[in-house]
Each structure stands twice: as structure tokens, then as C-alpha cells.
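Take the two lone chains, each set in its own frame, and fit them into one complex as the hints suggest.
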Amino acid sequence: MGTIEGSRLILAGLKDAGINLVASVPDINMLELINLLYEDNEITHVPVGREEEGIGVCTGAHLAGKQPAMLMQNGGLLNSCNGLTTTALQFGIPILLLIYYAGDMGDNAFHMVGLVTEPVLQGLGIKYTVMRDPAKVKQDIAGAVIAAKSSKRPVALLLTRAVL
Amino acid sequence: MKRFECLQAIATLIKDELFVTTAGGATAEWNAVRPSDGNIQVKTLGLCSSIGLGLAISLPKRKVFVFDGDGALWMNLGSLATIALHQPKNLIHICWDNKQYESSGGEPTVSTAGNIDFAGVAQSAGIQSALAVSTVVELKEAVSHALGQDGPHFIWARIEAGRAEAPPLRYDELENKYRFIRYIEETEGINILRVSLPASYQLK
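Chains as they are written, first to last, in this note's numbering: chain A, 1 to 164; chain B, 1 to 204.
Treat the hints as calculated values from the structure; they're not laboratory data. Worth double-checking, as some hints may not be accurate.
Unchecked claim - Some residues of chain A that are not near chain B, with every Cβ distance over 10 Å (derived): (1) I4; (2) L9; (3) N29; (4) E42; (5) E52; (6) G103; (7) M112; (8) V116; (9) Q122; (10) G125; (11) R132.
As the list claims (entries may be wrong) - Here are the simulated SDA-like pairs of lysine to any residue, each with C-alpha atoms no more than 20 Å apart in a straight line: (12) B:K2 x B:A164; (13) A:K149 x B:E173; (14) A:K149 x B:I190; (15) A:K152 x B:Y183; (16) A:K149 x B:Q202; (17) A:K149 x B:K2; (18) B:K43 x A:R50; (19) A:K149 x B:N191; (20) A:K149 x B:I192; (21) A:K152 x B:E185; (22) A:K152 x B:R179; (23) B:K43 x A:C81; (24) A:K136 x A:E5; (25) B:K43 x A:L89; (26) B:K43 x A:T44; (27) A:K149 x B:P198; (28) A:K149 x B:Y178; (29) B:K89 x A:T44; (30) A:K152 x B:K89; (31) A:K152 x B:D172; (32) A:K152 x B:R194; (33) A:K149 x B:S196; (34) B:K43 x A:L78; (35) A:K149 x B:E185; (36) A:K15 x B:R194.
Said to hold, decoys possible - Label pairs and their in silico Cβ distance ranges: (37) A:C81 x B:Y171: 22 to 28 Å; (38) B:H145 x A:K15: 36 to 42 Å; (39) B:R182 x A:D16: 26 to 32 Å; (40) B:L193 x A:D16: 20 to 26 Å.
Here a beta-carbon is modelled for each residue, glycine too, at the ideal position from N, C-alpha and C.
So here's chain B without its partners, still in its complex pose (with noise of 0.2 Å):
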């Protein structure tokens, strides 16, 4: 199954549900299926699992997607055992293994042999929903499972190489977390970002 077409049948079964994507193309074709201030770009390679669990720890009524890679994930394996720790029950994690570094011009990984099997360590580590798709069909049923279920979950998306024809991002990642934030404050109905007044304004 290709990423996109994955990414497509995602779509169609989310709501305002906030997206943590990694420094990949998921990214990039993320935000050309579903263009939404709820979702948010990651630069550092590895720390999508780790900025979604501090929002899902944060915004516990939320559901929060994290979508890795797998070069991603081998360079933060360790998150896996942190949320499993944590447990939080409203992130949904999903590593898209290409078995390549595809946004470094597709390098082997630690995946490229076949011997690592990622839903295996997230089941190991203690993420006790944790699976293993090759299917859009099984993925959907996947994500419509975790969906409606507490998590942690982590779902293993087997993937076959290469990108769709995607835009590029319309924002730069300053303008996308104040977006963010925004869309946070607006669907929660709470304030974030707050300016103080200048100290002429506190003198009686």
C-alpha cells in the first residue's frame, strides 16, 4: 500500500483530532489530504512520539495522532517504552515504514532487513494495543479500533516506497504553532497565548 492512499482512507474517519507529523512525507501529504491548523510539523528527526506525548499528556480528552517513520522511531526506539510508561489513553501512534531514509535520499534503515518487527517492541515494551497492517483495508480498522478505544496504541504500518506529488508546506513552523496553539485555544475554549500589559497599564 502506498502512504497516500492510507493517508486518504485516514481522513475520512477523523475529526478535530490534533497531528504530530514527523520530519518526513508524511508531512507534506498530510497536509494536502487534511489542511487544518490541528496539525502541527516536527524538525527533529525521532521527537514526533515525544512532543505527542507531552500534548496527549496535556490534553487528556483529546485524541492525538503521531505519525513516525521509521528511520524516526529507530532514533527514538525509547519513546516507545516512555509511553508505554505513561499509558497515555488517547494517543494513536503510527509508524509508516517505508524501510528507508526517504527524505535523505533513501538510505537503508534498521528496518531494510526485515528482521525488526516495531509492533512487536511496542507490544514488548508495553503498549499492549499495538499492530501490525499491510492493508488500507486493515489499517482502518485499525485506526477506527483505536478510535473508539482507550490506548496507548501503535499501529505498524508496512508501506511501499515513494511520495505523492504534494505541496509544499504553506506555512514556515513559527506561523504553524501559533496556528496551532490557536486551534487549540479555540477548540478547547481555553487561552494559551497570553501578552501582558505594558507596565504603564498596572500603575493606579
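The shape of chain A in the complex, shown without the other chains (with noise of 0.2 Å):
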């Protein structure tokens, strides 16, 4: 489910990096954190029912000067390559890609998802940080936001329950 104090640190981390919509398919790790995001009122949060739409509304949002990021599970980056691969990366766009990590070390759910996150990443040649220490969660998001808006590519942020 995740933390209400993690959750709410992660929120001050995007709008301080100026992320100003969020399109989101959900995730139990993340619960907090989306149910943040439905009641705020500075981010606009268009939660989509497939993660590759969610690359095509960041899209959007991008061409109209939003900053835009997708919150997904690692599943969901795989449903969306195509659209990062022929329109996020081949366009150039960025995008904050902020996926929980299932599969991850001491994560008992979706091991296979786990073992072919990164190099799914890696292949496409989008740029990552795993966060895990709570106390660089507002560096991490920043880092990320600054590599994705300079390479104008798609950057992505690996969330794990240390963060959440």
C-alpha cells in the first residue's frame, strides 16, 4: 500500500521538480500515493485503463507544455513499449516515467516482471535510478526530471517499497 509519509514526500518531490500532470494506472504499492493524487488539486491526474495510453496523454500534455509523468508497475511498462519506443523516444519527448518495481529483491509478486525490468530499460535505452533511501527521494525525482526535459527522452524512476 505504501506510506502515507513516503506517498506525500514523492508528491512534494514532483511538484517541486514542476511536474503538473500525472496519468496513472494503479498499483496496491502505490495506493497512497495515487489516492494523494486524486485529491490534489495542482496536479492534473488522468488515470488511463492501459498504460500505453498513458504515453500517448503524456504526449499530449508534453506538446502542450505540461510536464508531464506516467505512474505505472513495471507490467505496465511493458504493455506501453511501442508507444514509448514510436512516439515517446522516436518524437522526443519527455516524460517521467515513475514505475513501481515488482519483482524486486524481497518482492514476491511478478518475479519474471522483476527480472526483465532493467533490461527492458536498457534495450530501449531509456535512463533510470532503483530509489531505495527515502532521504534522496526529492534528489532522485529532480535528477530524473532535469535528464528527461535536457535528453528530451523518456527518464524513469524504479520505486521501491523502502521509498513508497
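Next comes the structure, spelled out in C-alpha cells:
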């Protein structure tokens, strides 16, 4: 479910980094964070049915001047590979990918998805940070947004239970 | 009706609306009929409706057209439900249904058998303004209505197969993106693309 403290810190980090639109597909470990997004008035929250739709929504938002993020589980990263490749990467669209790292060490669900997550990001050429230190949450988010904006590419943050 | 004559009819109705056009024949034809930096091509089959939704949510006072195809809409049919969930008043989604994957060589789509009613799907998903049209007159009426009333609007345009002669696009996706963003900056009076000053300029 995540903790309310961890989720508040992530939300504050997103706001500090200038993120103002978040598309999402839920995961149980991000329940608190998604609840905060539903209540928040500053960030436009766009729930979608499938993660690749979210890549499209974030692309449209960027074209219109927003700073978008896509919140999803790593299974959703796999669902969005074509959109990431032929839209986000091919057009050069900066999107912050906030991905819950299912199947990470210590997480007993979806071990196969966990196994392929980092190789898939590497194969796509998407830079990423695995977030394990609650003290570095804001720094990790700010760094990823700067990397996305300067490279005009999606950049990923893999959220582990340690920071949620 | 042919898609090209439909596009010519729509061009007489529009001003500075934004157009997101599917990975398919509609893109080259529309850019021939209405060359503008307010047109953005899509390379991912099915994603045009989602990109249009993101634009429409982010620029709520601007009309956004999405040109979809039957094969593309089949790939992202769920986007109709997502559009219905968010109810963007400024979105006008047109599906050019030629009952085939024209750009892939003419293979059948879900529409070929004639069982699916895309307007019915859109309406049942929660898009109240969902119409089927099969003549240019009906299409012009539907688009005029959509331009004058709050949406979201969905128009299922049942067309003949076949492409018109249209030149290839003048620019690739990167140049298209920059031109499209610049067009939004100029017409909306906003600054989107910012380049940071070199660090040396930030020293006192």
C-alpha cells in the first residue's frame, strides 16, 4: 500500500520538479500515492485503462506545455513499449516514468517482470534510477526530471517499497 | 464517400484547430488538403486518440481533432472509455473507417465483417455525442455541430477504401513536433520550449 509519509514526500518531490500532469494505472503498493493524486488540486491526474494510453496522454500534454509523468507498475512498462519507442523516443518527448518495481529483491509478486525490467529499460535506451533511499527521494525525482528535459526523452524512476 | 472529399469538406469549416492524425493514409491526405503546423502526425498505431486526449485536457479552450482509422481504433478501443471518463469538451474524434488496414496492404480489420458499430461503442462507453455518417453532407453537419457544441464528440465516418494522390510529408516527426509546439506557443501566447542558460551565465 505504501505509507502516507513516503507518498507525501514523492508528491512533494514531483511538485518541486515541476510535474503538473500525472497519468496513472494503479498498483497496490502505490495506493496511498494515487489517493493523494485524486485529492490534489495542483497536479492534473489522468487515470487511464492501459499504460500505453498514458504514454499518449503524456505526449499530448508535453506538446501543450505540461510537464507530464506516467505512474504505473513495471508490468505496465512492458505494455507501453511500442508507444515509448515509436512515439516518446521517436518524437523526443520528455516523460517522467514512475514505475513500481514489482519482483524486486524482497517483493514476492511478479518475479519474471522484475527480472526483465532493467534489461528492457536498457534495451529501450531509457535512463533510470532505482529508488531505495527515502532520504534521496526529492533529489532522485529532481535529477530524473532534469535528465528527461535536457535529453528530450523518457526517464524512469523505479520505486521500491523502501521509498513508498 | 471518399476520405479525400471528406477532408476537403472539413477544411472549409475549420480555423486554427489542432489535428492529431493517425499512422495511415489520412495523415498525408490531410496535410495536402490543409498544410499547417497545427497538424501532428502519429507513428504508433492506435495512439492518436490518447495523444489527442492529452492535448485536449492540457488545452481545454482549444478544439482538438483526432483522425483515427478502424484498424487503429481497434488497437486502442479502450481509449473511448478513457475519453468518456474524462469528458474533454473540446475533443472531436473522427474514425475514418475504410474496413481495412490500408497502410499495411488492405488486410481485413474488425470492421470488415460489418458487425461492429463504432458509434454505438463510443456511445455505450459514455461519449454522448456519437454519430455515424456515410455522406459528405452528413459529415459536414456532424463536424459543424461538433465545432459549435461541447463534446466530447465521436464521428464514425464510413468511407470507401482507397487513397488519393498526396505528396509525402515535408518534415519528419522531430521537425513536425517542434513546428507543432511553436504553433501552440504562438497561437496560445505561451512559452513551452525553454533552453537553460549556460552555467557561466548564472554566476554573479
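Practice prompt. Please flag the earlier hints that this structure goes against, numbers listed from lowest up.
Written response: Hint check: 5, 17, 26 and 30 fail, others pass.
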